[in-house]
Amino acid sequence: MNHYRTQILLCAGGACISSGCESVRDALLREIKANGLESEIEVITTGCMGMCEIGPMMVVSPEGIFYQKVKPEDMADVVREHLVKGCVVERLLYKRADNDELLRFMEDIPFFKLQKKIVLRNCGKINPEKIEEYIAVGGYEALGKALTSMTPEQVIEEVLTSGLRGRGGAGFPTGLKWKFTAKESADQKYVLCNADEGDPGAFMDRSQLEGDPHSIIEAMAIAGYAIGASKGYVYVRAEYPLAIQRLSNALDQARAKGLLGENIFNSDFSFDLQIRMGAGAFVCGEETALMRSIEGYRGEPRPKPPFPAQKGLFEKPTVLNNVETYANIPYIIMHGGAEFAKIGSGKSTGTKVFALAGHVNNSGLVEVPMGITLREIVYDIGGGIRGGKDFKAVQIGGPSGGCIPKEYLDTPVTYETLPTLGAIMGSGGLIVMNEDACMVDVARYFMDFIQDESCGKCTPCRIGTKIMLDLLNKITHGEGTEQDLEQLEFLAGQIGKSALCGLGQTAPNPVLSTLRYFRHEYVEHIKDKHCRSKVCRSMLRYTIDAAACKGCGLCKKACPADAISGERKAPHSIAADKCIRCGACMEACPFTAIEVK
Amino acid sequence: MSCDCCGKKEKALEKLMKLEPKKTTELVAFIDSLPLGNDIDANRGCLIETLHRAQTIFGYLPAEVQQLVSERLKITRSEIYGVISFYSYFTDKPIGRHKINVCCGTACFVKGATRIVDEFKSKLGIKEGETTPDKKFFLGVLRCVGACSLAPVVMVDDHVYGKVTPEMVSTILADYQD
Ligand SMILES: Cc1cc2nc3c(=O)[nH]c(=O)nc-3n(C[C@H](O)[C@H](O)[C@H](O)COP(=O)(O)O)c2cc1C
Ligand code: SF4
Ligand code: FES
Numbered sequence: 000m001n002h003y004r005t006q007i008l009l010c011a012g013g014a015c016i017s018s019g020c021e022s023v024r025d026a027l028l029r030e031i032k033a034n035g036l037e038s039e040i041e042v043i044t045t046g047c048m049g050m051c052e053i054g055p056m057m058v059v060s061p062e063g064i065f066y067q068k069v070k071p072e073d074m075a076d077v078v079r080e081h082l083v084k085g086c087v088v089e090r091l092l093y094k095r096a097d098n099d100e101l102l103r104f105m106e107d108i109p110f111f112k113l114q115k116k117i118v119l120r121n122c123g124k125i126n127p128e129k130i131e132e133y134i135a136v137g138g139y140e141a142l143g144k145a146l147t148s149m150t151p152e153q154v155i156e157e158v159l160t161s162g163l164r165g166r167g168g169a170g171f172p173t174g175l176k177w178k179f180t181a182k183e184s185a186d187q188k189y190v191l192c193n194a195d196e197g198d199p200g201a202f203m204d205r206s207q208l209e210g211d212p213h214s215i216i217e218a219m220a221i222a223g224y225a226i227g228a229s230k231g232y233v234y235v236r237a238e239y240p241l242a243i244q245r246l247s248n249a250l251d252q253a254r255a256k257g258l259l260g261e262n263i264f265n266s267d268f269s270f271d272l273q274i275r276m277g278a279g280a281f282v283c284g285e286e287t288a289l290m291r292s293i294e295g296y297r298g299e300p301r302p303k304p305p306f307p308a309q310k311g312l313f314e315k316p317t318v319l320n321n322v323e324t325y326a327n328i329p330y331i332i333m334h335g336g337a338e339f340a341k342i343g344s345g346k347s348t349g350t351k352v353f354a355l356a357g358h359v360n361n362s363g364l365v366e367v368p369m370g371i372t373l374r375e376i377v378y379d380i381g382g383g384i385r386g387g388k389d390f391k392a393v394q395i396g397g398p399s400g401g402c403i404p405k406e407y408l409d410t411p412v413t414y415e416t417l418p419t420l421g422a423i424m425g426s427g428g429l430i431v432m433n434e435d436a437c438m439v440d441v442a443r444y445f446m447d448f449i450q451d452e453s454c455g456k457c458t459p460c461r462i463g464t465k466i467m468l469d470l471l472n473k474i475t476h477g478e479g480t481e482q483d484l485e486q487l488e489f490l491a492g493q494i495g496k497s498a499l500c501g502l503g504q505t506a507p508n509p510v511l512s513t514l515r516y517f518r519h520e521y522v523e524h525i526k527d528k529h530c531r532s533k534v535c536r537s538m539l540r541y542t543i544d545a546a547a548c549k550g551c552g553l554c555k556k557a558c559p560a561d562a563i564s565g566e567r568k569a570p571h572s573i574a575a576d577k578c579i580r581c582g583a584c585m586e587a588c589p590f591t592a593i594e595v596k
Numbered sequence: 000m001s002c003d004c005c006g007k008k009e010k011a012l013e014k015l016m017k018l019e020p021k022k023t024t025e026l027v028a029f030i031d032s033l034p035l036g037n038d039i040d041a042n043r044g045c046l047i048e049t050l051h052r053a054q055t056i057f058g059y060l061p062a063e064v065q066q067l068v069s070e071r072l073k074i075t076r077s078e079i080y081g082v083i084s085f086y087s088y089f090t091d092k093p094i095g096r097h098k099i100n101v102c103c104g105t106a107c108f109v110k111g112a113t114r115i116v117d118e119f120k121s122k123l124g125i126k127e128g129e130t131t132p133d134k135k136f137f138l139g140v141l142r143c144v145g146a147c148s149l150a151p152v153v154m155v156d157d158h159v160y161g162k163v164t165p166e167m168v169s170t171i172l173a174d175y176q177d
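Top line first, the protein sequences correspond to chains A and G. Under numbering that gives the first Met the number 0, the first residue of the first sequence carries the number 0, and numbering increases by one thereafter. Under numbering that gives the first Met the number 0, the first residue of the second sequence carries the number 0, and numbering increases by one thereafter.
Simulated from the structure, these hints should not be mistaken for laboratory data. Hints are supplied without guarantee of correctness; some may be wrong.
As the list claims (entries may be wrong) - To give an idea of the interface, some chain G residues facing chain A are shown, with a C-beta separation under 7 Å as derived from the structure:
1. ALA41
2. ARG43
3. GLN54
4. TYR80
5. VAL82
6. GLY145
7. ALA146
To be verified - Per label pair, the in silico range of CB-to-CB distance:
8. A:GLU106 x G:ARG96: 45 to 55 Å
9. A:GLY582 x G:THR24: 46 to 56 Å
10. G:SER87 x A:GLU586: 47 to 57 Å
11. G:LYS73 x A:GLU183: 47 to 57 Å
No experiment lies behind these values; they were computed from the predicted model shown. All C-beta atoms in this analysis are idealised placements derived from N, C-alpha and C, irrespective of residue type, glycine included.
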């Protein structure tokens, strides 16, 4: 094997690919070759390093110098200055936003400093396309340990001790789920992985599969050993082609090395996995619907019980866990459940990965110990609100979750505290919103999503969410009444109690939480016909400031509705009844004489 | 929908072979590689995968393709149609050569995805879910492509554009001059 003097880790996560990391890699390889350094320097493309905002990014080891926002043109300097002469290229270093200090190492950047990586331990550190790299960092040791020195009961006992709870949303103790399924006797059992990642604003599972696919394969094999299953499926959403490709490549490599297949590690345990693709249905993230979908049917949920532990896929006992849940398993087996349980807070042990996005300075993928406060996530890691605006709320838990306002930023993030605020831990979507977000419109957005994704099997969800959406549309169009609010609350309660599956049961949450903390915004929309964030277009009033207007006529030309009148060189005016509130005049006016309220 | 499944066996194959010999051969080769048998429940497990492949090959799922899949997997046309209509990824209508998908996930939504959708609509003169009359562009929306840090995001075929502004829409369209 070749020993390289330097390794360069180049992030090839989803966001960095979009930011052009592939041409950076090509340029880098070209420069290395031009300088005759091929035998000394190795370039490794990795999964997501996390700080997607400043990609493409790279780490030059052994020193660990971190370069950000790199472009193909920068590679000549990286090679000639850094690799040949040993001088750090300062202009590519990360600059602290608050004091302009240049930071050389990833660990010094506040965004990374406060994180604790268990799930994402290998993401951004190894090449996800090479099983050798996973093995070199201790991969598949946990599977070996489980198979050669532990009984299935001992494996389950470790997972129980760890206190690990499902990261897919509901937070059910993983060890218990395994124990229930292990207890059943059947000729065939199944291990499933939920990689449907339905929350529309979340990409944790995607990054995990793209950045460290073997960790999931290893964990699923351990689960198979624990419950007595020899077959499994990973259900991945079709929108993630790269994740599917990397996972299937990883499966081939694991089979070739005998880590999947017959008699793994010379034990009598045999296990293999297949990938199943989703096809764009959010409800397929629900466990019973997911199993129907793997079977090849329309993915409609069914009532429980029977629970999957008794009757799951093809009516056989089945364990289904989320991607992130599985990613914790090898750590638990290697370090012990008790060690894992030390991390976190109370009954929420371990870490949680969040996809931090929205109006925050540093968006990206973060992994934090449970019990950290929202303020630490948004301000210390996320670097606060972009563009000096005011924080309004953070949306956590996606369409089943809620919006948490400023007053509760110091709440610790745990499975117990979030529900008291009307939100849920959810799968990890964390969207920060500033004053520009209209909370009524946000509620309408999620209801629109749910309404679109309702499978239609049960009436409360199919019809109830439609009525709720109509009411919210009415309010955002300035036609709402106070009775509408009562009706919304009434329906929310009814749907929550009577819908068949989790999708319908939690659908009212975004509405309820915004009503709880931002009722005044609803009231303003209804009573004053006013949207303080200027989002709800039908409530906007465009007017021309006569003092600033020079009568140039540009706005008149730009208006598609002929709503503007006025003589040349005299102040113009807008006819409110004709105005369609498109804002074209505002863009056209060179004197910023057009105001919107 | 008209039903043409009562005729001679493999009629769909003949018809398809005449229309699209290359694509049809590719699909048949894929289906032949599947572990199919007389157990319909086992075949059904391959249905969604087959439809994915068929849609990748043909761009959509025309009636003849559904018929062919039905014959090979021994699953009724009505059930196949039920599956196609349930999953939003599948379509039985031909769509434009380039698929524009504006992300309307939460992160993109709070960063102004609606304005991007509006701009595409007005530039192309079509609504979401429609194809331009020259069959060049299809305009759709989807939820979260996993690049939330770059919101708002637009995907054209497999290419992701990040931090899109309404002004960028015409330059994006200009990238597809074929
Ligand atoms: C409508 C709906 C959508 C869901 N979507 C997902 C999803 O995308 N990913 C996921 O892991 N769990 C999702 N879940 C939760 C799963 O049903 C299930 O609880 C979870 O996958 C179990 O794994 P865990 O115990 O490891 O969390 C969803 C649930 C519902 C009701
Ligand atoms: S609650 Fe909604 S998604 Fe769930 S079964 Fe009923 S209609 Fe379908
Ligand atoms: S919300 Fe648009 S990429 Fe995630």
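Index of numbered hints that the structure contradicts, given in increasing order: Checked against the structure, the hints that fail are numbers 1, 3, 4, 10, 11, while the rest are satisfied.
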